[in-house]
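Chemist: Residue numbers are given in my numbering: position 149 of the sequence shown equals residue 149, and the series is strictly consecutive.
Honestly, the hints are just simulated from the structure, not real lab data.
The reader is advised that the hints may include incorrect statements.
Said to hold, decoys possible - Computed cross-link-like contacts, EDC-like style, restricted to lysine to aspartate or glutamate with a CA-CA straight-line distance of at most 20 Å:
(1) K20 / E35
(2) K155 / D116
(3) K20 / E49
(4) K155 / E96
(5) K155 / E144
As the structure is a computational prediction, the values presented were derived from the model and not from experiment.
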Amino acid sequence: MNYRLDTYLPAWPRASELCKLYLQQAPWFFGAVKERQLNEELLPLFYTEARGVAAPSTLSTPNLPQPTPHDLALLFVILCFGSLVDEQLPPAPGNEEADHYYTLTRAALAMDPVTDHAPTVSTVQALSLMAIYQGLVANENSIESTWTLFGMATKLA
Numbered sequence: 001m002n003y004r005l006d007t008y009l010p011a012w013p014r015a016s017e018l019c020k021l022y023l024q025q026a027p028w029f030f031g032a033v034k035e036r037q038l039n040e041e042l043l044p045l046f047y048t049e050a051r052g053v054a055a056p057s058t059l060s061t062p063n064l065p066q067p068t069p070h071d072l073a074l075l076f077v078i079l080c081f082g083s084l085v086d087e088q089l090p091p092a093p094g095n096e097e098a099d100h101y102y103t104l105t106r107a108a109l110a111m112d113p114v115t116d117h118a119p120t121v122s123t124v125q126a127l128s129l130m131a132i133y134q135g136l137v138a139n140e141n142s143i144e145s146t147w148t149l150f151g152m153a154t155k156l157a
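Based on the sequences and whatever the hints tell you, model everything.
Modeler: Pasting the structure below:
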């Protein structure tokens, strides 16, 4: 990646906390990413601390795949949802941490345009979660954004 967006990832303790919040709350309304995928596939790509949490079969692979910008986008949007449901933070649309991770999600997706190649599962999941986020923040264009993102995710899937 030319521009290292992964440097904006939080330290492991906060990332772990936000992922747990996501897993506790998000599946109630839209569980695009399951616990196994998050803990065994996604987090180990970006956090060495997560590699000890992953299943033994994952740990036996000496070389993890190179993360793509869309993998990073998916992780950012999961962190966004974790921030959104964190009771210590203000609700949407005034939740600056959630908004920050949403902006980083968009930036990561823009690093590798979705129309340049066949989409990955991470691409579709990130777009779907972005659509849900837009519906939850209820800002001026949220309904239009929700349908636009869901439409794109559906077409790419």
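Chemist: Take the hints in turn and mark each one as holding or not.
Modeler: Against the structure, the hints:
1. K20 / E35: Holds: K20 and E35 sit about 9 Å apart, inside 20 Å.
2. K155 / D116: Holds, at about 14 Å.
3. K20 / E49: This hinted pair holds, its Cα atoms lying about 15 Å apart.
4. K155 / E96: 31 Å, violated
5. K155 / E144: Satisfied, since the Cα-Cα distance of roughly 16 Å is no more than 20 Å.
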